[in-house]
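Peer 1: Heads up: the sequence lines are chains G and R, in that order. Those letters in the first sequence? Residues 1 to 120, per the numbering used here, in order. Those letters in the second sequence? Residues 121 to 513, per the numbering used here, in order.
One should not assume that every hint holds.
[Unchecked claim] Distance condition first, Cα-Cα at most 20 Å in a straight line; then the derived EDC-like pairs of lysine to aspartate or glutamate: (1) R:K503 x G:D3; (2) R:K510 x G:D12; (3) R:K480 x G:E40; (4) R:K510 x G:D3; (5) G:K15 x R:D272; (6) R:K295 x R:D272; (7) R:K200 x R:D320; (8) G:K51 x G:E80; (9) G:K25 x G:E54; (10) G:K15 x R:E446; (11) R:K189 x R:D315; (12) G:K117 x G:E58; (13) G:K106 x R:E459; (14) R:K500 x G:D3; (15) R:K127 x R:D143; (16) R:K198 x R:E375.
Keep in mind the hints are simulated off the structure, nothing from the lab. All of these numbers come straight from a predicted model, not from anything done at the bench.
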Amino acid sequence: MNDQISRQNLIDHYKNPRNVGVLKKATNTVECSNVTCGDEVKVSLLIKAGKIEEIRHESAGCVMSVAGISILSEELIGMEVEKVKKLDKDALQEILGIEITPSRLKCAMLGLEAIKKALN
Amino acid sequence: MEIKNIKKHFPILSQNPDFTYLDNAATTQKTKKVIKSISRFYRQHNANVHRGIYELSEKATEKYEEVRKTAAKFIGAKEKEIVFTSGTTDSFNLLARSLGKTPEIVKKNPKILITEIEHHANYLPWREISDDIHFARQKEDFTIEWPEGDFDIVSITHASNVTGLMPDAKEVRKKYPKALFILDAAQSIAHKKIDVKNLDVDFLAFSSHKMYGPTGIGVLYGKQELLEKLYPLKVGGGMIAEVTKKSAKWAELPERHEAGTPPIAQAIGLQAAIEFLEKIGMEKIEEYEKELRKYAFEELSKIKGLKLFHPNLEIDAGTVFSFQLEGIHPHDIAEMLSERNIAVRAGHHCCQILHREVLKIPASTRASFAVYNTKDDVDKLAKRLNEIVKIFT
Ligand SMILES: Cc1ncc(COP(=O)(O)O)c(C=O)c1O
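Given the sequences, and given the hints that come with them, work out the whole structure.
Peer 2: Structure, rendered in structure tokens:
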């Protein structure tokens, strides 16, 4: 079994999440949570010309959910909205650089689900 | 049977020596004999019970009824007082809904006392028959504050699946002498000697799968005179005396409350599980686990930033340890323990009231020990928890 969480990258994003806050000029916003485990995320996006220009988030929860949205807030910048809407678990695994186990799927997907929801 | 090296009786543990299983409050591992007894039943004795007039069915019936005898003896009950269910949850659903239809035993919309630490299995079924439910509070020291007053039903856990607390059931019984007194023994049955007469309990429920037996079977114990009066909630085959186009008469105990084909093979497995416990001896198990509890309590208490939701050693409790590590989510703790092949559980453990309204946290991490766990398992857990704390600071 490999140490997924212990990866320095994830822990680093968890301890110092990037792009924290609320975008004043946001075009899309959403709040999502996983009730059973208490993970929460608030996302605000700035969309320009069909692309994601900026992402801000405020999140609380486990490494998977917090580091997940933090990494996405960097990686998705400049991506076309239509492409983001198509991102799935496999794409997320690639972006996060880890294998997501079934029991952590909900945590890991929270950020992506929130962003997709904001886009709809 | 010696407790030392007892892991060798459990295939999952003996085949995976590096696996540390600490999720016993959820379900225990099964002994070789339990597993074998089930396959032997299907290979050699399989037939439906009660109705077949041929040797195989008679044999199956005999074996099934023998389990009832074994289970009765195990908790100091009479055979007729054992109702086989599919587990503790099923027992509570059956009991609550049946009582809701038996005004001879308890009045409509009864006044019910449970505690804040109950598993949802000993809360939600009562809501189905009453909106007058009272919660005995958990105190700072994880014991229960028993309120004054009269209740129609007092239904409490015999051992908490979160804090491990084992309330003094006899004292609680004395405090509410007029109430129908019910115990949830899901977490105590494999760890403590239970005698229903001595406890003076009216009903008691437990699951086979938390006592080294198979899933799919459990017991609802009830005093004979109560089970005889209790409305048979589940109707169908196997539980009738006579059926006409106009009427139905119910069978006597124990068939009365067991409609349909029962979990026969599972019962056979439960028998092997009870025999396993008896071979070691419940007193010896209690003694061993008390020592293990002390060791785990002391070792876990040493970990920086770890908050234990477990009563002090002077207070009676089992080997269930729920905890919080400051700033680290329970799911992360569980996954990082799993990275070292240590299995624990993270969540609310079906006790949302205790977590959200009492402890004020959404979830905790729980390590729960069984008779095959050792101090070495505690050391492995503590070592990894210390590493986790370091990774996060
Ligand atoms: C205290 C307690 N009561 C009831 C139950 C329910 O048991 P089962 O899931 O076997 O019906 C459990 C098990 O999770 C438990 O720990």
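Peer 1: Which hints from the list above does the structure break, by number from lowest to highest?
Peer 2: Hint check: 5 fails alone, others pass.
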